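A.B. asks: Chains as they are written, first to last, in my numbering: chain A, 1062 to 1724; chain B, 456 to 547.
Treat the hints as calculated values from the structure; they're not laboratory data.
The structure presented is a predicted model; accordingly, all values stated were derived computationally and were not measured.
One should not assume that every hint holds.
Said to hold, decoys possible - Where chain A lies over chain B, by a calculated footprint (3+ residues, C-beta under 8 Å):
| id | region |
| --- | --- |
| 1 | 472-480 |
| 2 | 490-497 |
| 3 | 532-545 |
As the list claims (entries may be wrong) - With a Cα cut of at most 20 Å, we get these calculated SDA-like pairs of lysine to any residue:
| id | chain 1 | residue 1 | chain 2 | residue 2 |
| --- | --- | --- | --- | --- |
| 4 | B | K540 | A | A1455 |
| 5 | A | K1454 | B | P494 |
| 6 | A | K1415 | A | G1468 |
| 7 | A | K1461 | B | R536 |
| 8 | A | K1461 | B | S542 |
| 9 | B | K540 | A | Q1465 |
| 10 | B | K521 | B | F467 |
As the list claims (entries may be wrong) - Okay, the calculated beta carbon distance ranges per label pair:
| id | chain 1 | residue 1 | chain 2 | residue 2 | range |
| --- | --- | --- | --- | --- | --- |
| 11 | A | R1550 | B | E474 | 56 to 64 Å |
| 12 | A | S1660 | B | E474 | 34 to 42 Å |
| 13 | A | E1586 | B | E474 | 43 to 51 Å |
| 14 | A | K1461 | B | M532 | 23 to 31 Å |
| 15 | A | A1697 | B | R536 | 36 to 44 Å |
| 16 | A | D1197 | B | E496 | 26 to 34 Å |
| 17 | B | E496 | A | E1559 | 34 to 42 Å |
| 18 | B | E496 | A | Y1073 | 19 to 27 Å |
| 19 | B | E474 | A | D1458 | 28 to 36 Å |
| 20 | A | K1593 | B | M532 | 16 to 24 Å |
| 21 | A | G1575 | B | E474 | 35 to 43 Å |
| 22 | B | K498 | A | E1559 | 33 to 41 Å |
| 23 | B | T522 | A | Y1398 | 49 to 57 Å |
| 24 | B | M532 | A | S1577 | 58 to 66 Å |
From the three backbone atoms N, C-alpha and C, an ideal C-beta is built for every residue, glycine too.
Below, each chain spelled out in residue letters.
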Amino acid sequence: MKKNEWPYELKYGEKKEYSCDVLILGGGIAGCMAALGAREKGLNVILVEKGAVAASGAGGSGCDHWESAATNPCSKVTPEELVDMMLRDNKGFNNGISHYIECREGYDRLLDIEKMGGKIRDTEDEFKGADFRDEDSKLMFAYDYKNKFTIRIWGTTFKTAMAKELKRVGVNVVERVMVTSLLTDQGKVGGKVVGATGIHTRTGEFMVFKAKASVMAMSRPARIWLFNPAMVGLSEFRPTQCIGSGHAMGWRAGAAFNMMEKSVRAEFSAAGKSYPPYGAGNNHNTWYPASILDANGKTVPYADRDGRILTDYKDRCLPANGQKFFMKGGGIDGGIYEIEGPETISVEGNPEYKLPLYADLSDLPELERKVIWGMMVGEEGKTKVPILKNYTKAGFDPEKHVLQCYGSGWKSATFLSDERQLFGLPGGFMNDWHLKSNLEGLYVAGDALFASDCYGHAAATGHYAGRHAADYVKEAYEENENGTSEFTRGEISQAQVEAEWTRVLKPVMKLESGYSANQGYRWQEVNMAISKTMQHYCGEVRTEDMLNTGLAQLERIEAELSERSIADNPHELTRLLEVMDILTVSKLIIQASKARKYSVAPLCFTRGDEAKEQRKDQTFLVIKKTEDGIDAREVALDYYGDLKTNYEEFNKEYIEAEGARHV
Amino acid sequence: MYRESGYGADFFVPIQYDEKKCIGCNLCVDICQVDVLLPSERKGENPIVAFPGECWYCGSCVMACKTDAIRLVHPLMNQVRWVEKDSLGSSL
């Protein structure tokens, strides 16, 4: 096998130390906004990012719509109405706090991003006169044209604008560094978070970050059940390197997690099975409200929630008779009646319709067609180049051609029941009204939170977590200086730092010291083993015996890994450390599944061995690792109390300042 | 230090460079969040697609390129079909 020179300087034995007030872990949408929120308070902020901030994270390369902007001047729904429906839609298994923040502050963040240079309105009047455009503000809306709370955005401009803004305001951005662990006071599980460690993905240099408070802003976990070693980048909807390391290091440090037993049958972009997201025919999200035709050219009609057939395209973008508003374009799986949007009727097994189906933009008004095939497909994360540019170059003409659909709804693939995914609103860090975790000094934002989703949620919770972390630092440390607080400053444990340094470098040091490459496991093999184990032992239907066996199997893989995993260079080491984190998250999922003794439909969680008489009221089950084992406790679904009252109680200063700022 | 064909994924190349257009500025290497590219050993030459299987097809490299030297293509299995609307019902 041909060996090549590694182009970057190797620094395996070297260590660099940083110190700051607020440390931001992850530089996606949430992390960038967290850094800005903390920096606005005048503190010293470091942001650590594995890629390059200008295009990194799930929304790094673009986004076409911003959901739940309930406070935009055209919106006809209130944050309270919107969150109420989100909670009811998931039978209470949702994050009331974070989604209220999204609905309440999302539009403020959009205005921030516009000031940074992101494009949020049709300033060139390209879509003047369109039904979805507000002529005064030039904002453009999607889905529900009457209630106007989802805004079409030019998301490819956003991350570059944020990267410039971070630089302008003086945030210290450390790129190409994978964060590997949280450092806790005295190295104790459950102790105050006093910093983090990282490793440079190109040089292998080890890094120690000391901080008074930290914000966890990393991705949800991925590649737990599904993995394709040849096309790793097509294994999930999130970017290749976004696999939930934050969950793994949080679990190891003793952070509490909620809803980790939840998973859904894979839906989208998993293990290479799907056709390109938003690059195949469908009438959901980006492509709403495209017409759908069967193979004979017959139109598949849209119907509203009451089954009323909608003949005019305009009716696809309006609520049904008696309906206040609808939530999404193209219906919601298992959604509730109150917010169910217009959707094409199901033609599965109906002999009147001939497969395959096709998406047709040709019969829409010109501006509707242009906003989908042009702006939306051009601004969504993975579609500007491989879809819009390439298809156009290959001759696709939306006035003349129809694009084949490869599955129902937006899925463009079908999966087996044990092929699962953390999709939609998955589990994550438990949070309070400060977006603080159970660990002192650790705040959480975006995809790391339980029941997270979408761009607006990431931006809103990011800024919120950043400013609350900054408030904590100011209040706790200033009071401490005056000797009025019982607060613990916390100490980094050198033993914890040394142990982590040894752990992360072991796979490359083995090869450096002459270990035979043929004897070792590489990351792809390990990910395959984890995925297969999880499908088999922790698939759709779970039982105590199978979960225990699966856990033992994962522990066996973990022990093997510790002894025999290898990586040739810092890049492959990063991929290997990610897979080790996937293994930790898999164990966390099994522990959460073991703690939940009965099936819960809204969590898509099925226990095959449940005792019916043990069924209790539905509650959250929050679990964490302790020095002695696992701690699981029940928490009421409405633990956050009255949303509006509590939000206003915890954000007095913000409400006052923001009111003045955006006038 | 890295295996040029050791990934089992070298049977397709998501990112293709036009060697005549590429000036070797490495802007694409700098922007790629997955870090699938490595700078060429020779100054002024196009980067190496070292980890092709890891590409998640976001197109940031193409957007960053000042000389339009990069072609990003989905693998063959993800090439989708479209037909002329007027052909429906007659050609199938």
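A.B. asks: Each hint: holds or not?
C.D. replies: Here is how each hint holds up against the structure:
{"no.": "1", "hint": "472-480", "in the structure": "violated (count 0)"}
{"no.": "2", "hint": "490-497", "in the structure": "holds (count 5)"}
{"no.": "3", "hint": "532-545", "in the structure": "holds (count 11)"}
{"no.": "4", "hint": "K540(B) / A1455(A)", "in the structure": "17 Å, holds"}
{"no.": "5", "hint": "K1454(A) / P494(B)", "in the structure": "28 Å, violated"}
{"no.": "6", "hint": "K1415(A) / G1468(A)", "in the structure": "14 Å, holds"}
{"no.": "7", "hint": "K1461(A) / R536(B)", "in the structure": "14 Å, holds"}
{"no.": "8", "hint": "K1461(A) / S542(B)", "in the structure": "10 Å, holds"}
{"no.": "9", "hint": "K540(B) / Q1465(A)", "in the structure": "11 Å, holds"}
{"no.": "10", "hint": "K521(B) / F467(B)", "in the structure": "25 Å, violated"}
{"no.": "11", "hint": "R1550(A) / E474(B): 56 to 64 Å", "in the structure": "57 Å, holds"}
{"no.": "12", "hint": "S1660(A) / E474(B): 34 to 42 Å", "in the structure": "58 Å, violated"}
{"no.": "13", "hint": "E1586(A) / E474(B): 43 to 51 Å", "in the structure": "35 Å, violated"}
{"no.": "14", "hint": "K1461(A) / M532(B): 23 to 31 Å", "in the structure": "26 Å, holds"}
{"no.": "15", "hint": "A1697(A) / R536(B): 36 to 44 Å", "in the structure": "51 Å, violated"}
{"no.": "16", "hint": "D1197(A) / E496(B): 26 to 34 Å", "in the structure": "57 Å, violated"}
{"no.": "17", "hint": "E496(B) / E1559(A): 34 to 42 Å", "in the structure": "36 Å, holds"}
{"no.": "18", "hint": "E496(B) / Y1073(A): 19 to 27 Å", "in the structure": "21 Å, holds"}
{"no.": "19", "hint": "E474(B) / D1458(A): 28 to 36 Å", "in the structure": "31 Å, holds"}
{"no.": "20", "hint": "K1593(A) / M532(B): 16 to 24 Å", "in the structure": "22 Å, holds"}
{"no.": "21", "hint": "G1575(A) / E474(B): 35 to 43 Å", "in the structure": "39 Å, holds"}
{"no.": "22", "hint": "K498(B) / E1559(A): 33 to 41 Å", "in the structure": "40 Å, holds"}
{"no.": "23", "hint": "T522(B) / Y1398(A): 49 to 57 Å", "in the structure": "54 Å, holds"}
{"no.": "24", "hint": "M532(B) / S1577(A): 58 to 66 Å", "in the structure": "35 Å, violated"}
The structure fails hints 1, 5, 10, 12, 13, 15, 16 and 24 (numbered hints given earlier, in ascending order).
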